[in-house]
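On the provided structure of chain U, position chain F as indicated by the hints.
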Amino acid sequence: MPRAVATPTSFAATQRRLIGTVAVAVTAGVGVLGLVLTARATGVAEDRADGMAVAADEVSIGVATAEAATVAYVVVGDPADLDGFNSARDRATRGLDELRAAAGGSSSLRNLVGDERAKAEAFLDGYARPVITLRSTDPAAGQARVVGGEGRRLYEQFRQAAAATVVAVESERRDAKQSVGLTAAVSGLVLVLVAAAGIVIGWRRRDPSVAAVVEPLDEVHGALVRVGEGDFSPRVTTDGPDEVAAVGEALNTAVAEMDRLTSLQRSRVEREQMIRDVSRTIREYLDVEAVLNLAARELVGAIGVDRCSVLVVEHNTLGPIVAEWVGAFARPLGTGSREQLPAGLDLVAQPLFEVGRPLVIDDTASDARLEPEVREAFSDLRIRALLMAPVYATDDLIALVCLQVLNRPRPWSATDVGVVESVAREMGVALSHARLFERERDMVGQLRQLDEAKDDFVSTVSHELRTPLTSIVGYVEMLRDDEAVTPTQDQMLTVIERNSDRLLALIDDLLTLSKLQSGPFELRFDPLDVAPLVQTAVQSIEPIVTGRAIDLDVVVPDGVPRVAGDAGQLERVLLNLLTNAVKFTPDGGRVSLAVSRPQPSESGVDDVVTFAVSDTGIGIPEEEQDRLFTRFFRSSSAQAAAIQGTGLGLVIVKSIIDRHHGSVSVASAPGEGTTIEFTVPVAQHWGRTGSDVGEAGV
Amino acid sequence: MTADPVVDDADAVGYVLVADDDPDIRDLVVLKLESAGLEVRTAVDGEEALALAHSDPPVLVVLDLMMPKVDGVEVCRRLRANPATAQTPVIMLTALAQPSDVERGVAVGADDYLVKPFSPRELLARVHRALDLPD
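Quick note, the sequences are listed as chains U and F, same order. All residue numbers for the first sequence refer to numbering that gives the first Met the number 0, where the first residue is 0 and numbers rise by one. All residue numbers for the second sequence refer to numbering that gives the first Met the number 0, where the first residue is 0 and numbers rise by one.
This is chain U alone, in the form it adopts within the complex:
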């Protein structure tokens, strides 16, 4: 740094000195202002990133809770879970709105948030709501959908989208944080350059008075360099010419303000980051014990205490310790112990039970609120400072988090209390999730087992029935091949054969139904052209129409779009309905299959194609129509006409159409005929039959 020797001043020199000083003051002032402003701007960017992280968490919690509530409602049917679903859904929606607002101009973030929203909506509105609606009308069907993997798959897709958003938001947060330091450094550098320019201006004038300016400026410069390095502590001595002193003072004020703001911001950012880390980790562990131990461990580390114990609370009475973590110099009180704790702890904790606020004791030896014997009990345990916070699961007080400092008092800060409260709140949320999750896991597990047992049972039964049938059918065939069989005996053999076929049809239908209902997601959904489906079914029915005096009309209009479905299963539906129609229609009657162009479905979600199979047969009495789709039900008219059937054909039809998210309806009058209509949603993203032949093919 240049040093000048002081010499007597002249008027002209004074004038120049003033000009030089003003130049320095202006440039330095501008620089300091710039420093404060950029710091504030990066603070805003950081706030935005923080806001996004919070909103992203809200969305994840909302959808996770909605998922758990859906399963809980479908399985148990408790309306409370319905409310839980609705509020969780609102929470997720609010979070998504906030996320979108906060994403602002960043197109990559907007895309991620858009994708997350789409996945959340696919799960919440595309799956969860319909399942809940289905549950309210048909519990078994609702449960079957939950047991299948659809919900899991959609939720998993959402979770992946949410994770992508979190990664992006976190990287934005890091950028924002780094930019605080970076901006400070850059601004500092600018300031230094500006100040140096002032010094050079003064120096160039070779004015004897320059020293008076330069010396304080030298100091200012030194301070600025340190500020530029991120050290906000230096202060400048404010003597020297008034103008220079003013610059020094302004700089001091600015640095002090920066210092205060930075430390405030750092502590807030650190605290929020910690809470978020803890709560995210907590949410990942959906196991009660793990949640509690983790929270205890995190608190011991974060707050710096000797021991953190989590005590069960039941009916406002302290129960045993269920989780605990200790620092390096403390021994655990021991989980499961209740006796270890001071006898009067219930009384101490009483206000906490009532108002739900943390209880803070800086020094158990001198706290006037404690009874002497309680004080003594704490002293025996060497517990000098205590911070307890309640844990609520929904509205129930279920646990206390109890932070203890041994041997020395601790003046708990507002931040300590805030952190413990936040973590306790998150523990509550995690515990509610854990409870729901465990309930869900148990329920779904039971349902799965039941389903697997049923599936195994049906397969075994099928095998065990087919084996004796093989002998019956085989020997009958060999007998009939024998020329020694008389015509009467041959007739008897025909009866055995017919009944064997009937038994076999029943076994096949049962097996099909069992597979449909236990493995709904084995269905392959493809865009299917309607005409080939209809053609295959009509070809299959031909053998039983041939030889009967029945007209078979088939109408498939042009331009019917493809439907979304499993070709084999939809063919089976058509075949079952056509077989029924032919079977129940006397000679001289008519059977028709008509496909109609798409129309909006009842739910208004997707357009549907309607298939109607009509006959002029014996019909079904109206009072029996709503039982048509129950297992083994056979209409009185079918029984009266002695027409054989398994009573499972329409159950299979309904089961398949349900899996396709379509609907089945029946219209019939005895003696006039029956029409059974079903709908299948159109394949959304594929073109129409005929207009894009290149893609055709089932």
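Think of the hints as simulated: they come from the structure by calculation, not from any bench. Do not take every clue at face value.
Reference excerpt, derived from the structure (chain U facing chain F, CB under 7 angstroms, subset only) [claimed, not checked]:
1. T459
2. H462
3. R465
4. V472
5. G473
Here are the simulated distance ranges between beta carbons [to be verified]:
6. F:S118 with U:E463: 18 to 24 angstroms
7. U:P486 with F:L130: 31 to 37 angstroms
8. F:E73 with U:I543: 38 to 44 angstroms
9. U:P669 with F:S118: 35 to 41 angstroms
10. F:N81 with U:F631: 34 to 40 angstroms
11. U:F631 with F:S118: 26 to 32 angstroms
12. F:K68 with U:P78: 52 to 58 angstroms
The structure displayed is predicted, hence computed values, not measured ones. Every residue gets a Cβ at the ideal spot worked out from N, C-alpha and C, and that includes glycine.
Same frame as chain U, now just chain F:
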């Protein structure tokens, strides 16, 4: 009903191994095949079938899929692994009309399969086809 074995023919062709744990079905198959002049030997489970096939390789195997001890799929796999029976035609009988069973059978090298209950006439036709004999 009487089987009318044509001894010379059978000697020329060799024997058909029928493995099924159900005695009635075993007898049914034996009756049908013997009525067509084929020599038949039986096994009541997979283990016995493998032992027999190992000591005296058959010209064709009719194999039930679900058998105690060693099931039909495993028997078929081991027949294929043994050079003496690697080329022997195998017809599977399955009571579970599930594509997965058929796939499993074909994957280990079964040549044909029939779903129970099957028609003995159909079985005989398939046996003839597998042995390249006229129906």
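Evaluation of the provided hints:
Given the 7 angstroms rule on beta carbons, the hint for T459 (chain U) is violated: about 10 angstroms separates it from the nearest Cβ of chain F. Restraint check, H462 (chain U) versus chain F: the minimum CB separation of about 4 angstroms is within 7 angstroms; hint holds. For R465 (chain U), the shortest C-beta to C-beta distance to chain F is roughly 4 angstroms, which falls under 7 angstroms, so the interface hint holds. Checking V472 (chain U) against chain F: minimum C-beta separation of about 4 angstroms stays under 7 angstroms; hint holds.
At its closest, the beta carbon of G473 (chain U) sits 4 angstroms from a beta carbon of chain F; the interface hint therefore holds under the 7 angstroms criterion. A C-beta distance of roughly 21 angstroms is found between S118 (chain F) and E463 (chain U), which places it inside the suggested range of 18 to 24 angstroms. Checked against the hint of 31 to 37 angstroms, the pair P486 (chain U) and L130 (chain F) passes, with Cβ atoms roughly 36 angstroms apart. In this structure the supplied range 38 to 44 angstroms holds for E73 (chain F) paired with I543 (chain U), their Cβ-Cβ distance being about 41 angstroms.
Separation of P669 (chain U) from S118 (chain F) is about 39 angstroms and conforms to the stated range, judged on CB atoms against 35 to 41 angstroms. Evaluation of the 34 to 40 angstroms hint for N81 (chain F) and F631 (chain U) yields a failure: the beta carbon distance comes to about 49 angstroms. Separation of F631 (chain U) from S118 (chain F) is about 29 angstroms and conforms to the stated range, judged on CB atoms against 26 to 32 angstroms. The beta-carbon spacing between K68 (chain F) and P78 (chain U), approximately 55 angstroms, falls within the hinted interval of 52 to 58 angstroms.
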